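Chains as they are written, first to last, in our numbering: chain A, 1 to 500; chain B, 1 to 334; chain C, 1 to 294; chain D, 1 to 324; chain E, 1 to 313.
Think of the hints as simulated: they come from the structure by calculation, not from any bench. For clarity, every value in this text was computed on a predicted model and none was experimentally measured. Even glycine gets a Cβ: it sits at the ideal position worked out from N, Cα and C.
Calculated cross-link-like contacts (lysine-lysine; reagent style DSS-like; alpha-carbon spacing at most 30 Å):
1. E:Lys-50 with A:Lys-153
2. D:Lys-20 with C:Lys-123
3. B:Lys-65 with C:Lys-27
4. A:Lys-273 with A:Lys-424
5. E:Lys-226 with B:Lys-65
6. A:Lys-41 with A:Lys-107
Each pair of labels, with its calculated beta carbon distance range:
7. E:Ile-9 with B:Asp-18: 46 to 56 Å
8. D:Tyr-101 with B:Lys-34: 36 to 46 Å
9. C:Arg-130 with D:Tyr-101: 31 to 41 Å
10. C:Met-210 with D:Ala-83: 19 to 29 Å
11. A:Ser-23 with C:Ile-56: 33 to 43 Å
12. C:Ser-39 with D:Tyr-101: 35 to 45 Å
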Amino acid sequence: SGKPVTQENNQTPEERTLKLRVSDSVPSLDWEQSTSLRAVKVWHQMFEGLYGMDEAKGGYYKELAKDVSLSDDQLEYTITLQDGVKFQNGEDLKASDVVFSYKRAMKNPRFNYVTSMIEDVAEIDDSTVKVTLKTPFSAIDHTFFSIKIVSEKEVLEQGDKFGTIPHKAGTGPYYVTEYNVATNIKLSAFEDYWRGAPAVKKVEYRVISDDAAAIIAFENNELDYLEDAPLTDWEALLSASGDNNSLTKGNDVLFLGVNYLSPTNNNILANDKVRQAIFYAVNKKDMNSAACNGYGVETPYYMPPEYVATSPKDGFETYEYNKDKAKQLLAEAGYPDGVDVGTILTYGANTGDKAKMAQVLQANLADVGITAEVSVMDSAVVLPRLYDQDYDICIYADSNNFDFNNIRQMVHSESVGMYIVKYKDGPFNWKRLEELVDLGVSTSDIEERVGYYTELWSIVMDSATLLPCLSKPVPTVWASDLEIGTPVPSFYKIRTFSWK
Amino acid sequence: MNELILDIDNLSVIYKTDLEIVKAVNGISLKIGKGKTLGLVGETGAGKTTTALSILRLLPENTGKVTSGSIKFEGDDLLDMDEHNMRQIRGGQIAMVFQDPMTSLNPVMTVGDQIAEAIIMHNEGISKEEIEKRVDEKLTMVGILPSRKIDYPHQFSGGMKQRVVIAMALACEPKLLIADEPTTALDVTIQAQVLMMIKELRNRLGTSMLMITHDLGVVAKTCDDVAVMYAGEIVEAGTVYDIFLGENHHPYTEGLFGSIPNLASRTKRLNSIPGLMPDPTNLPEGCVFAPRCKYCMDICTKVHPNTITEGTHSLLCHLFTDKLCGKAGGKNGK
Amino acid sequence: MNNAMKHSEISFKKQSQSKEIWRRFKKSKGAVIGLVMLSIILLILLFADVIVPYSIATKQDLANKLQGPSMTHLFGTDSYGRDVFARIVHGGRTSISIAILATISSCIVGSALGAIAGYFGGKIDSIIMRSLDIFMSVPDILFTMAVVFALGANFTNLLVALTLAYFTNYVRLVRSQVLNLAELDYVEAARAGGSSSARIIASHILPNAMGVIIVNTTLNVSKIILYESTLSFLGLGMPPPAPEWGLMLSEAREFMRTSPHLLFFPAMAIVLTACSVNLIGDGLRDALDPHLKS
Amino acid sequence: MENNKVTPLIETVELKKLFKLNGGARLHAVDGINLKIYPGETVGVVGESGCGKSTLGRTILRLIEPTSGQIYYNGKEITKIKARKLRELRKDIQIIFQDPYSSIDPRKSVIDVIAEYMFIHKVYKNRIDTYNRAAELMDLVGLARRYANSYAHELDGGRRQRIGIARALSLNPKFIVCDEPVSALDVSIQAQILNLLMDLEEELGLTYMFVTHNLSVVKHISTKIMVMYLGKCVEMAPSDELFNNPLHPYTKALLKAIPEPDISKRDEEFTLIKGEVSSPINVKPGCRFAKRCDYCFERCTHEDPDLLEVSSDHFVSCFLLDKN
Amino acid sequence: MYRYIIKRILFLIPTVLGVVLIIYFVMNITPGDPARAMLGSSAPQADIDKLNHELGYDLPFIQKYINYIYNMIVKQDFGISYFTKQSVFAEIWPRYVVTIKLALMGVVLSSIIGIPLGIYAAVKQYSLWDTVPSIFAFLIAAVPSFVLGMILLFIFSLKLNLLPSYGISSFSCYIMPALTISIPPAAMNLRFTKSSMLESIRQDFVRTARAKGAPENIVIWKHALKNAMLPIITNIGLNLGMLIAGAVVAEKLFSIPGIGSLIVDRITYKDEPVIIAGTILIAICFTIVMLLVDVIYAYIDPRIKAKYAKMKG
Ligand SMILES: Nc1ncnc2c1ncn2[C@@H]1O[C@H](COP(=O)(O)OP(=O)(O)OP(=O)(O)O)[C@@H](O)[C@H]1O
Ligand SMILES: Nc1ncnc2c1ncn2[C@@H]1O[C@H](COP(=O)(O)OP(=O)(O)OP(=O)(O)O)[C@@H](O)[C@H]1O
Ligand SMILES: [Mg+2]
Ligand SMILES: [Mg+2]
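I would like the entire structure built from these sequences, with the hints used as guidance.
Spelled out as structure tokens, the structure:
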């Protein structure tokens, strides 16, 4: 960083380094080592998958795949690779690299949720691969997007060191030249990039953990691009960035979960009316105001339909804020004078958005006569408790998938993780729920899938166990002399950036 | 008495703390002749050290204060002197040996350096060799091997430390040496060594001396003149012969002599002075000794006595009128 | 002798010793200011419910969030529209009672260990002191995090964490006091009179070590108040939404630029409290140990 | 004094106390003392600072555990008795400390200090009796009752030392070790305290061991005097005998070194002994005084002289007087 | 003296053993496991268990302890980070250096601010030079250091744009964090120095020096200060020790990649190798600093040197 300088702006675009922030160190240069969005965003500049994601228009597009054909039984994908793609180390992209990358990912339990449906990946010829599925799976696009292609040669050469030192194993527009886990990552443009060399030649990610410091750094021109800036200081950032800002709706959704199995207060949460009363008492606007400084979007959706084509848009209960109805339901449930429902459990920082939501929820509930405590603990403690249904009410977040099939995690008894409400063997139509999940992936027809998912979502909403509350906004600002194209919430591409 | 080196006149000193005002010294007058030794005797808290510190103007800055009087050193009033000249006097003209050798040396400096410092202070531009030479000289003078100058105070015994302190005091051959109970902290045999040494050095260098002590034995051995101090006043003064052999004495002096167990004669009971020294924050009206005095008269508790002088001998007591006659205690010692 | 009278005299005299200390204490302006300040703070906390009901401190009003100080909201409102004044008044209760309790418990644990080490000496002493050396070389924050992660952030667990972080001071302090005092003649005199070790510790050593312990304890209270707020900053402090100064500070952090009053008032509360406690501690030290003052 | 038939009240046999110092060196504080103290006697122990006087006193009281040797009280060995019995013994053997400032707990009122021992031993059933007795003791030592509730720091040294004396007397002891009880006091107060101690000796039939380095004091108060040098007894004799006929070179020098308040001896030179007391650490065999002694000869440097009875009750440890 | 130093250095061995034991114990009671932290919520339990097993995490706590000590001593191997797969040493060392730099700057700053003011306050007791800094010290010592840091950040970075708000890329980056961590100990130093100096100024040998005719500045600097130094040095040593572990707040606030914040962050991931090795380094540093304090002590005070010299084995 050095002195807060402006002289850099006099440098030619060739010399000029684009400076971005990461809020915590990127633990590895191997895209397989984490699913943290913070790291994935950096890796996206280095690696490419068969598919890319277009958040601006919604949906996926072909990236390293030139052609994809699906067999009639919907089990075999034959993928032809783009021509002339080179890895950063100069090797040509070959089918064997794709097979290598997929097999490697399939061994990694971290990616179980996107690879479990794959039976096999095989090389047909140098530029063709065949992916065989176990069962038809129309949400495969996300898999093709998630799994990045690495150079077999480079990875094997680096061996155990891969990920810990700079490498040229990706096909992406940038490769790493310098990697300091603690402080920064420097990238250089890959001049032989198959889409053509990117305009910005040098990139540096700097680790700045503190939000306030990051804002000041941006204001002092120590950063050129700042996303996920704290919303509390959005006004200040707006003035610092001129026109160069965007506040997009993210696809992170903050949820409220109620554990109907909780034994608290004689299984009070097993009472449908009490749960409904809780849902009606939720004032999403207050939550937005507190947790997102009012910039979030109050939402009834599990996933924003704008980004996720398969997401249901209507046709389910949304529990619009209604204090009177809540009170009435509570009275009907037999608690006209209010009732204690236990603890609102959440994780993250005490000042994080989830903790804030929990506090607002507590106040909302208190408004209708429901008392609850708030407990904020470390995620290492809270998440296992949620998965064990060891809580009363929780606030949590789900994000970063662009296919509604992601709901499987939440509702299917065989899913792994995120299974915070146990529908199986419950009083709801859980068999139909699981059936709908399977139906959803059995066809690639979007309309048909939306139909299944709408039914699924309406069962979930009727059960009054899960309530989406807010879509988190993604505030982004960038330097006045930087052109970034259309701002997107997550996967910005530096190759589209250029200096004015 | 011949030429005076020090002439203290009507000196009063107070200590002013947040709580109280201690009248430590109350209008005392002392004279020391050139080459003479004055013994200042008195019990704890009588104001002996205070007097000595006033001479060097080393009273604690925040509390101690001279309220009246003058201290003339070779005719110049020390109390009027500016700080710079006073520094020249300190150590150069008047040196002081403190009561406790254990604490009066800086524990983290070698003794050689500490003696050298005294020399450097008063001899500007003196060469390194010359300093070393003088340090060696001084150490030899007090009977310590010069090779030990590189040692630290903790490596010396009490007696040796006191010798070092004396060497330091005599480093610039001062005209007046103030020795504040120089041997109280020492063992008998060492005390004898140190006393003899002081006496010998004094005779050799012709230094005048103010010897502060509470031990009449020490006075008998070393002093020419004696002043007996009680509660900040000089109650009796004179030559050693006046005090030890004279006929008339202040009752306090008398009591003091009576309190000392005598080696020669074994009496069963000692003639102790009953009671205690008055509280210096609240001195009695009249004679300060009156509350303990066995000859106490009405007048004693009301009127402060005046000094009565006869020749070299002076007293501060109502028992004596203009002349030293009337009721008296008799001879002290033998 | 009239014994009834004598006993009353004794108690009267005992008072007079504390009177003496009080008199010396009063002399220090700083200490008196500190005492007055702390008394006011404590009174406010004591009568918190009278001054402003607790419900105000947690009552949200998001329509009026982040308001500056005004007549309706003396210290303004926070990001939930809660009244900052009410939160400070009620938050102090938690902050200060944690600080005081943690000081007491670390004092008890540390003093006990220190007294054992100092009095018995030898092997026991070396074992305790060497273990302490090792313990001290591990950063406090690690223990704090472990406790808070393992058991959750709440009043009791914070107490445990703070005790772990602060008891080491007392071990050293009390041990050195015991070692010094055990050397003194009056302890030997007690032994010469046939006192048992337990009696000596209880009636001679501890009462005489008390002064130093009290001073240290006072000064510790302020350190703990600060440490507590630091823990909140690191997300290890008291959980929301209960008002607590450290938590308020860490919540105020993101609004540092837009609503600095959120930072100012709890910071002032902490500064004033810690400062007054420090002033008192300093005054006490001078009052209990007249040697220190010339 | 011919006391051969009477059992000594206190007897020490080859009493030794070695302190182990950091690093393993041994400090010979008390190095084989044989001392008999008969009832009614006052034994003065003199010697320079650090020669082991206090250690001897404290060892006899078992405040310090002796390294070797035996101590007898009334003919019974008390060297090894256990805590319970030791506490009983405390009633009979007491100590008055040198420093009246540090030997009194600053947090206790005068009456409580005096009554403490009586509470420990539960001499009286109730507090009132105990306090009454304490008040009587205050009368006895000449401490006005109005000081009963004062704290020691409010009093002067002389009064404090009276508290120490009253405390020592509170259990009606037979034997008191006076560890330099007057050396911290002013001459005029010193005389008061010495008078008091002598009065009490007479009134209560006490036996004292009087530790001091002040020879005029010791002469005044003692019947028998022991002169110590570096942990050893160099000479022991009845008081007058010692002063009139000192035999050991050290004793002689010591007596000569006292500055007497006597103007006739003004010009008499002190007889100086050279050097200073040497270190008591890891001492080698040989007369301890050899290095400073003008009469030192070869034998003195490597052989310990025995304590010989040169005349009746006059013991000296010096080869000059060894008839062999 | 050398013996003493060697003995103290040898004490590092039990210290390290003890510290590792303590950390294992601490990690044992904290919830979570590294595999879950690494693989995320959607990984199946079987895979989690498998990874934990591979890492040796599922061994009993004593076994892990023994293995660790064995690897550390016999193979000089501190393991690799669970989280970054980097060699622990490679990951920790640069951060350790940063923290040491920061702590040293903090100590130097706090000393050059606190000590002279303390001396002045003592020498000019009851004057403005005494009261103003003392009151200021009291006030500032009562401000939580992160608030102080935020204020600095606000003023110097945002308003004045003088200093960078994060990172370690240049010397100027260290200024604010060092100030942040040094102000509270500076206040401590002031108070400590003052009382120590007051004590020392009252000593007899200071009066002796004056009686020699020494001018006031020699009396203060040469005689009084040198003797007052001892407690001050201990305090500085303790400060350094504490800052090494306690710079976490500044590290977080100014995004400084130091060892304290690393340990704090990795506790969530249960990254035991990093936590243990980091703590060992801190403990060693702490021990060495305390030893240094003792050596400086002995250098300044010959009495203490003599004491150490006498001690055997
Ligand atoms: N710094 C001080 N502040 C207040 N009072 C003091 C101070 N120094 C001495 N005094 C008081 O002044 C009086 C005279 O003290 P001074 O030290 O001169 O007596 P002294 O005759 O030298 O006694 P000693 O024989 O104990 O040395 C005493 O009452 C003493 O308490
Ligand atoms: N607890 C102890 N540990 C080590 N050495 C000790 C201890 N107590 C006394 N000594 C040493 O034993 C020797 C004799 O000490 P003691 O106090 O008996 O001498 P003393 O004749 O009473 O001297 P003083 O006249 O100074 O009181 C001294 O050298 C002293 O340093
Ligand atoms: Mg004096
Ligand atoms: Mg003694």
